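Colleague: Go ahead and model the full structure; you've got the sequences and the hints to work with.
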Amino acid sequence: MRFAWLLLWLPLSAHADLYRWIDPATGTPKYSTLPPSDPRIEPEVVQYKAPPPPKPPPATAKPAASAELEARWRSLAAQLASIPAEELKSGSDRVRQHVQALEAARTELDRLDPAGASRRSAEMAAIMQRSLNRPP
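The sequence shown begins at -10 in my numbering and counts up by one.
Keep in mind that the hints are not guaranteed to be accurate.
Said to hold, decoys possible - As a list, the in silico SDA-like pairs of lysine to any residue whose alpha-carbon atoms are at most 20 angstroms apart:
no.: 1; residue 1: Lys19; residue 2: Glu33
no.: 2; residue 1: Lys78; residue 2: Ser120
no.: 3; residue 1: Lys19; residue 2: Ala39
no.: 4; residue 1: Lys19; residue 2: Ile30
no.: 5; residue 1: Lys78; residue 2: Glu92
no.: 6; residue 1: Lys38; residue 2: Arg9
no.: 7; residue 1: Lys19; residue 2: Pro32
no.: 8; residue 1: Lys44; residue 2: Pro32
no.: 9; residue 1: Lys78; residue 2: Gln89
no.: 10; residue 1: Lys78; residue 2: Ala90
no.: 11; residue 1: Lys78; residue 2: Ala114
no.: 12; residue 1: Lys78; residue 2: Asn122
no.: 13; residue 1: Lys78; residue 2: Leu91
no.: 14; residue 1: Lys19; residue 2: Arg29
no.: 15; residue 1: Lys78; residue 2: Met117
no.: 16; residue 1: Lys19; residue 2: Gln36
no.: 17; residue 1: Lys78; residue 2: Ala115
no.: 18; residue 1: Lys38; residue 2: Leu7
no.: 19; residue 1: Lys38; residue 2: Thr22
no.: 20; residue 1: Lys19; residue 2: Val34
no.: 21; residue 1: Lys19; residue 2: Glu31
no.: 22; residue 1: Lys19; residue 2: Asp6
no.: 23; residue 1: Lys38; residue 2: Arg63
no.: 24; residue 1: Lys44; residue 2: Glu31
no.: 25; residue 1: Lys38; residue 2: Tyr8
no.: 26; residue 1: Lys78; residue 2: Gln118
no.: 27; residue 1: Lys38; residue 2: Trp10
no.: 28; residue 1: Lys38; residue 2: Val88
no.: 29; residue 1: Lys78; residue 2: Ile116
no.: 30; residue 1: Lys38; residue 2: Ala54
no.: 31; residue 1: Lys19; residue 2: Leu7
no.: 32; residue 1: Lys78; residue 2: Val88
no.: 33; residue 1: Lys19; residue 2: Tyr37
no.: 34; residue 1: Lys38; residue 2: Glu59
no.: 35; residue 1: Lys78; residue 2: Met113
Because the hints were derived from the structure by calculation, they are not lab data.
These numbers come from a predicted model, not from an experiment.
Modeller: Below you can see the structure in the form of structure tokens.
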């Protein structure tokens, strides 16, 4: 029960006045949450205006473009998985070109969606492992 009273009291204690006065010694304005200690100085209570919340960073890539690129990357990965193991091991020009296209798509995807980079890397490793270890 005591804890509930404490929770009710906490929001009230968060409010504080902001005082403004001119320092007689320097002539500069002073601000504080406490009134000045000199009783001859009459501070004014200032309305506090919080700064506006920060604006979210602009989106660097359109989700549709990222989704299209992800679909293209998956298609290239599936095509690579369908290439016979012997051809993959031989490293033919067709395989090299296919791997280059796949890497280019992955690099661009990693730039647009860095959070998915580790997932794509793991998927690619699994595809290559299955492709190289399947029977001829």
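Colleague: None of the hints should be skipped; say for each whether it holds.
Modeller: Structure-based check of each hint:
{"no.": "1", "hint": "Lys19 x Glu33", "verdict": "11 angstroms, holds"}
{"no.": "2", "hint": "Lys78 x Ser120", "verdict": "10 angstroms, holds"}
{"no.": "3", "hint": "Lys19 x Ala39", "verdict": "18 angstroms, holds"}
{"no.": "4", "hint": "Lys19 x Ile30", "verdict": "11 angstroms, holds"}
{"no.": "5", "hint": "Lys78 x Glu92", "verdict": "18 angstroms, holds"}
{"no.": "6", "hint": "Lys38 x Arg9", "verdict": "14 angstroms, holds"}
{"no.": "7", "hint": "Lys19 x Pro32", "verdict": "9 angstroms, holds"}
{"no.": "8", "hint": "Lys44 x Pro32", "verdict": "35 angstroms, violated"}
{"no.": "9", "hint": "Lys78 x Gln89", "verdict": "16 angstroms, holds"}
{"no.": "10", "hint": "Lys78 x Ala90", "verdict": "18 angstroms, holds"}
{"no.": "11", "hint": "Lys78 x Ala114", "verdict": "15 angstroms, holds"}
{"no.": "12", "hint": "Lys78 x Asn122", "verdict": "10 angstroms, holds"}
{"no.": "13", "hint": "Lys78 x Leu91", "verdict": "17 angstroms, holds"}
{"no.": "14", "hint": "Lys19 x Arg29", "verdict": "15 angstroms, holds"}
{"no.": "15", "hint": "Lys78 x Met117", "verdict": "11 angstroms, holds"}
{"no.": "16", "hint": "Lys19 x Gln36", "verdict": "15 angstroms, holds"}
{"no.": "17", "hint": "Lys78 x Ala115", "verdict": "16 angstroms, holds"}
{"no.": "18", "hint": "Lys38 x Leu7", "verdict": "10 angstroms, holds"}
{"no.": "19", "hint": "Lys38 x Thr22", "verdict": "14 angstroms, holds"}
{"no.": "20", "hint": "Lys19 x Val34", "verdict": "12 angstroms, holds"}
{"no.": "21", "hint": "Lys19 x Glu31", "verdict": "12 angstroms, holds"}
{"no.": "22", "hint": "Lys19 x Asp6", "verdict": "14 angstroms, holds"}
{"no.": "23", "hint": "Lys38 x Arg63", "verdict": "51 angstroms, violated"}
{"no.": "24", "hint": "Lys44 x Glu31", "verdict": "38 angstroms, violated"}
{"no.": "25", "hint": "Lys38 x Tyr8", "verdict": "13 angstroms, holds"}
{"no.": "26", "hint": "Lys78 x Gln118", "verdict": "12 angstroms, holds"}
{"no.": "27", "hint": "Lys38 x Trp10", "verdict": "18 angstroms, holds"}
{"no.": "28", "hint": "Lys38 x Val88", "verdict": "57 angstroms, violated"}
{"no.": "29", "hint": "Lys78 x Ile116", "verdict": "14 angstroms, holds"}
{"no.": "30", "hint": "Lys38 x Ala54", "verdict": "41 angstroms, violated"}
{"no.": "31", "hint": "Lys19 x Leu7", "verdict": "10 angstroms, holds"}
{"no.": "32", "hint": "Lys78 x Val88", "verdict": "13 angstroms, holds"}
{"no.": "33", "hint": "Lys19 x Tyr37", "verdict": "14 angstroms, holds"}
{"no.": "34", "hint": "Lys38 x Glu59", "verdict": "45 angstroms, violated"}
{"no.": "35", "hint": "Lys78 x Met113", "verdict": "16 angstroms, holds"}
Comparing the model with each numbered hint stated earlier shows that hints 8, 23, 24, 28, 30 and 34 do not hold.
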